[in-house]
Amino acid sequence: MNTPRVKEILSWYGSDNPGTLTNLARLLNHGKLAGTGRLVILPVDQGFEHGPARSFAVNPPGYDPRYHFELAMEAGCNAYAAPLGFIEAAARDFAGEVPLILKINNHDVLCDEKDPMPALTSGVRDALRLGCAAIGFTIYPGSSAWAKMYGQLREASEMAKQNGLAVVVWSYPRGSALSKQGETAMDVCGYAAHIAAELGAHIIKVKLPTDHLEQEAARKVYEKEKVAISTLADRVKHVVQCTFNGRRIVIFSGGPTNNDDAVYQEVTAIRQGGGFGSIIGRNSFQRKKDQALRFLGKIISIYGN
Amino acid sequence: MNTPRVKEILSWYGSDNPGTLTNLARLLNHGKLAGTGRLVILPVDQGFEHGPARSFAVNPPGYDPRYHFELAMEAGCNAYAAPLGFIEAAARDFAGEVPLILKINNHDVLCDEKDPMPALTSGVRDALRLGCAAIGFTIYPGSSAWAKMYGQLREASEMAKQNGLAVVVWSYPRGSALSKQGETAMDVCGYAAHIAAELGAHIIKVKLPTDHLEQEAARKVYEKEKVAISTLADRVKHVVQCTFNGRRIVIFSGGPTNNDDAVYQEVTAIRQGGGFGSIIGRNSFQRKKDQALRFLGKIISIYGN
Amino acid sequence: MNTPRVKEILSWYGSDNPGTLTNLARLLNHGKLAGTGRLVILPVDQGFEHGPARSFAVNPPGYDPRYHFELAMEAGCNAYAAPLGFIEAAARDFAGEVPLILKINNHDVLCDEKDPMPALTSGVRDALRLGCAAIGFTIYPGSSAWAKMYGQLREASEMAKQNGLAVVVWSYPRGSALSKQGETAMDVCGYAAHIAAELGAHIIKVKLPTDHLEQEAARKVYEKEKVAISTLADRVKHVVQCTFNGRRIVIFSGGPTNNDDAVYQEVTAIRQGGGFGSIIGRNSFQRKKDQALRFLGKIISIYGN
Amino acid sequence: MNTPRVKEILSWYGSDNPGTLTNLARLLNHGKLAGTGRLVILPVDQGFEHGPARSFAVNPPGYDPRYHFELAMEAGCNAYAAPLGFIEAAARDFAGEVPLILKINNHDVLCDEKDPMPALTSGVRDALRLGCAAIGFTIYPGSSAWAKMYGQLREASEMAKQNGLAVVVWSYPRGSALSKQGETAMDVCGYAAHIAAELGAHIIKVKLPTDHLEQEAARKVYEKEKVAISTLADRVKHVVQCTFNGRRIVIFSGGPTNNDDAVYQEVTAIRQGGGFGSIIGRNSFQRKKDQALRFLGKIISIYGN
Amino acid sequence: MNTPRVKEILSWYGSDNPGTLTNLARLLNHGKLAGTGRLVILPVDQGFEHGPARSFAVNPPGYDPRYHFELAMEAGCNAYAAPLGFIEAAARDFAGEVPLILKINNHDVLCDEKDPMPALTSGVRDALRLGCAAIGFTIYPGSSAWAKMYGQLREASEMAKQNGLAVVVWSYPRGSALSKQGETAMDVCGYAAHIAAELGAHIIKVKLPTDHLEQEAARKVYEKEKVAISTLADRVKHVVQCTFNGRRIVIFSGGPTNNDDAVYQEVTAIRQGGGFGSIIGRNSFQRKKDQALRFLGKIISIYGN
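Chains as they are written, first to last, in my numbering: chain A, -19 to 285; chain B, -19 to 285; chain C, -19 to 285; chain D, -19 to 285; chain E, -19 to 285.
Excised from the complex, chain A in its bound form (with noise of 0.2 Å):
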């Protein structure tokens, strides 16, 4: 049965239907972190984003679609993402053993433009077919193509909500209009995820912010209003703040591997922030199992301390 906490987070989901609550239930309610509010998610689409090599060559089982299942389940994850392939190819072995995310629409680096545009690799369909609690979604704010996305985003996500699914949203800023370092910018992070957020997004996934603020409009309002922004663990609230005042799942990225400690760090900082979990995906299936679910489990353990 759903706990407290579960129960007030699907209390903030008013316009959905039952169905698209009972999915986030599954989510919420699987796993390590089951009933505590927080999630960890494996996300495996960097076969698709960077390359097989890239992504699986340090640790070889990752080319195999069943490694990933495996390692979620075996971590207590809450759920597993990925792209089309990497689910079709084991959604029967593991059906109904771990809740899935159906990452729709991916980008590669063979063609990596400056305004990136993701291709939708698959549907709303495909995810009710392979038993998915929810489909993921990328947009890049910032990508000269941004509306395009958004607007692919909302005809997704419409087809999904009727159809009792979740839409996790991942909003990365990105583009020709931003600097480097605007990409994980506080002001840049914190619009990115309220846009997601804005778009209906159920659950959203932003990096973690720095302390750099990208847009001068923005800078100055930041500073008068004097916004608490110098420790992650503020940046982490504020981005909570961002997303409707803590009424929407908001979690973050890990980003490429680290040091573990640093990792833990960023962890402890996003729970002291209010923020509802990680999803962490090269730092997981990128060493070998033993050691992944060692990590996983001290991160899961911070969450649900």
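In short, the hints are calculated from the structure, not lab data.
Remember, it's a predicted structure, so these values are computed and weren't measured experimentally.
Hints are not guaranteed to be accurate.
As the list claims (entries may be wrong) - The calculated lysine-lysine pairs, modelled on BS3-like cross-linking and capped at a C-alpha distance of 30 Å, are:
#1 K128(B) to K128(C)
#2 K128(D) to K94(C)
#3 K94(D) to K94(B)
#4 K268(A) to K204(E)
#5 K160(B) to K94(C)
#6 K(-13)(E) to K269(D)
#7 K94(B) to K160(C)
#8 K200(C) to K160(B)
#9 K128(D) to K128(C)
#10 K(-13)(D) to K204(B)
#11 K128(E) to K128(A)
#12 K128(B) to K94(D)
#13 K204(C) to K94(B)
#14 K204(E) to K94(A)
#15 K94(D) to K160(B)
#16 K12(B) to K(-13)(A)
#17 K(-13)(C) to K(-13)(A)
#18 K94(B) to K187(C)
#19 K94(E) to K200(E)
#20 K187(D) to K200(B)
#21 K160(C) to K268(B)
#22 K94(A) to K94(E)
#23 K(-13)(E) to K12(D)
#24 K94(B) to K128(D)
#25 K128(A) to K94(E)
#26 K12(D) to K200(B)
#27 K160(B) to K128(C)
#28 K160(A) to K204(E)
#29 K128(B) to K128(D)
#30 K278(B) to K204(C)
#31 K269(E) to K(-13)(D)
#32 K204(B) to K268(D)
#33 K94(D) to K200(B)
#34 K204(E) to K187(A)
Unchecked claim - Here are a few chain C residues that sit away from chain B, every Cβ distance over 12 Å (derived from the structure):
#35 T(-17)
#36 Q26
#37 P40
#38 L64
#39 A75
#40 D106
Positions of the beta carbon are idealized from the N, C-alpha and C atoms, including for glycine.
We have chain A already, so just place chains B, C, D and E on it with the hints.
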């Protein structure tokens, strides 16, 4: 994770997509019998089928749609099955807490034809928006309206399977072509179970058969081939055989209130005969909740041993 | 703003989208009973159902479609319900002035079958283009055409709910399976109300029941369980119980012209029994307007106290 | 590659697209009779049509859907035909191993009308998703429901042909308009075969006719024109003539268990009369598998010589 | 019947329906390599892609669409792949004689953009009416039009899979983002193969990679992780790894006419590296038929040993 038994059961449904397998797994992995391959389901369509007072006056909390969700959850049933209104009235409150089966056709007794034909009362789109794991559909083999019912089931079933839902068929022989005794005759019950399986049902619900043989042509075969039908366990075993030699889930209904010990003996016989479980409505919700919980607890413990 | 009572009522409709809740709120928040959770609705489909002269000759202004909009507005009713033509003929003139319920099926008495089956006379798209808050639909439980009606309601209802409309069901037992007395029998009336609720109606309209019990199987239960049905208030209370223990709006129709005091007593009984209001057609528009306003004013004041 | 005989047969279907020809070729090029233009097909719809015990009790492995795939494959049949459930239950296990014919309508004998009308139990979309080469459809010429059946066949057939499937029609005269003897009368059988051909069937299945003549108007012509119908070979030859003078594939059913030698003689007569083969259900699966393989082997060898 | 190897291969496609498995089995079970799990496919789209004279002048019988069907059949290839016109022109003549792959998009060089984008030239409905086992689709990863192509593939693929067809993807890196050498670079080729697999392809066709590494970020990983790519067999093995660790069928194209022995060595390397076969167009049909048959015979014998 799926137990070996659940994996074995899912392996029988090779023509279904992973979405449908996921929903079958949701049914098999919920409640106190999770993972055993056995199911106890709470159905509450008697308000529609027999009228509200005949259904709920004896235990008035049952007039409230929330009561049955709670009963199914507290008893540890695998699922709760009901018509549209009862599901709609509480699906948001209990989203994700118990697998739901939307009964999409129903029959009332205000116009009780000799050859009954239920009305379509909801559909696959409702099941998706309400977060149900399956649709439920009643057929009355033996009714002169049989072909229309089978045709409606076919259409709903095709759509359910495309969208990753499971299909539960109530196969209740009834109609002017059958004697009253014939409705639960061994040959008729086995035939009804087989028809449901041939129509593509994933889960089949029939009444417990007696040792009566209704059809002359069938009687000759049962006698010549010495099909064992003398004990209830024998008869359950034969029904299981009739549903693809055990490769479809077949469960048994309880009928009207009864001596409890008689019910426990029936359940023991279902278990011995290789049946997959029970669907118990009136016997559950037509007594005080604490008694119902004890009663269902006992049944579940018989299956679970 | 919604009163606590309106908020409570809306909370019962958790599977409906905010669009449908908004239209329910429009009905609950209009007229003199706004915010009380009680409704008095003016329906004028008698022209179609009984013929124009039988309906309007006694008060000829009623031939004019604008008359009924004005009557509903001046009396302070919550809504006005009528078939397509009557709505179309004045909807522009009174746009936004009174919530409308488009009666999308109708039956005439030029061919008055023993087992009546209404015709579909308009639809959800009409309701949307005409600015209606709800569709209205009549079912005749007990007619041999019952299953066809329920199936048509199902389809209209699915579409109405998707588009944010409310669904009002007139549930009038009638047909060769019932005696004349049975049409308003306690058991039959409660059953008919329950069926409408199970079919997903938001608002249910039934006739006031007598203490007659029509069906033998039901009678036994009423007597054994000592269901209180001796006073009209008792019987209203039981109908309310039959519609999800009070968690659906159920209102009562007035029937043919009557002694006014008798009507007021009926209304008092509805109020005492926990009914949500009245739908009063012939008794309103078959008298001069000033008398009608006095009459409706009295009824509304009984509910409003 | 296609033999000259297969090429000749395909040349008769000039209005069908290459997809349908490809599926006809799949049927003609599989099993021990591959390339001969002759077919022996295993049909197993008796579970649905007569009941499971009457069908399988004599040889219980037949309760298992996998058994019939294996029997058809091991015997070297051209194809296996069955209703939805039996196909779904094993299609993945034997994908590509034997051409399948999905029987999309079926009739049971729990309500055995004088004028039978089968139910639609699956459809063209099912046939495509299950990898079938053809749909199978039963018509009962002589039943008062004949026009509805022909109309349903027309719709399914149109869709099947658009999608490159073949259409196999079981044409079984039956109904209140015919005497029992008339069901297999020479004139009736030839007429039924012709009707199926006119309805666009690619493969037609009829019962072996007797020399009885049922219809007076027909009898006069048979006698006046001295149509040869005295031997079984004559009668087969006449059926072949009735199906477009041999330019449609017509095969014959075996009926209930029989003296084996009688069956072999029938098959010899079919061969002599220019029939294209046999469809043999009960006689195959209602004996032990080794006996069934010997029996089918003998039949196939008669056709193959 | 399917060999154990074919059964193993089919087991990787657990999210596909039995229809798609049946068509995969048709490809795997045809020609001289039937049952080995290896494939040699004849593709003839060069007339469209490069122009007819460039394609067929060297061996003029190749202008005739029937020639290629005959070549594929006589050589014992598993399948023949071509655009709409070439298939339409001979599909009736050779119905059922060789599995067909309908190439549903094509690119010509009359307008040869730096960033190529093929045109949709036929579709799934064509594939069904023509009796094809699969659709074929070319993507050009690295072209600035990549996202549009992937999106078109997604739509065609969804429809193909629903209808039981297989999906073959030609994944040819090309476009302004890549150097000429980069088109066949190891990292790029592995990436392109992985993308096709993630897009849901059942069979993936790529060019044989060189040991060049095109992308700096990839090069670092290949060197750090010491991915073996020095021999052609190593590189094939790595491509196989990049396509779900060997759980997708990946075949290799031959490119322009070459020294025959060099081709045999390439084929030997594909076999050693665990590749599933070759798709050989120009090298086959751009020589006299007897030479082509010898050439293909030799290649097939290398795979078949």
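Classify the label on L64(C) as holds or violated, using whether its beta-carbon is more than 12 Å from each beta-carbon of chain B. holds, 25 Å
CA of K200(C) to CA of K160(B), is that 30 Å or under? The hint holds at about 22 Å.
Tell me if the straight-line CA distance from K94(A) to K94(E) falls inside 30 Å. Holds - the C-alpha atoms of K94(E) and K94(A) are around 18 Å apart, at most 30 Å.
Can the restraint linking K(-13)(E) and K12(D) be considered satisfied, given a maximum Cα separation of 30 Å? holds, 22 Å
For a C-alpha distance cap of 30 Å, please report whether K160(C) and K268(B) respect it. violated, 37 Å
Does K128(C) lie within 30 Å of K128(D) when you go C-alpha to C-alpha? holds, 20 Å
Are the Cα atoms of K160(A) and K204(E) separated by 30 Å or less? holds, 26 Å
For the pair we were handed, K204(E) and K94(A), check the Cα-Cα distance against 30 Å. OK: K204(E) and K94(A) at ~28 Å, within 30 Å.
If you draw a straight line from the CA of K94(B) to the CA of K160(C), is it 30 Å or shorter? holds, 22 Å
For the pair supplied as a hint, K268(A) and K204(E), confirm whether the alpha-carbon distance does not exceed 30 Å. holds, 16 Å
Can the restraint linking K128(E) and K128(A) be considered satisfied, given a maximum Cα separation of 30 Å? holds, 12 Å
Given hint K200(E) paired with K94(E) - CA-CA distance at most 30 Å: Given pair K94(E), K200(E) holds - Cα atoms ~28 Å apart, limit 30 Å.
Violated hints for the displayed structure, listed by number in ascending order: 10, 21, 26.
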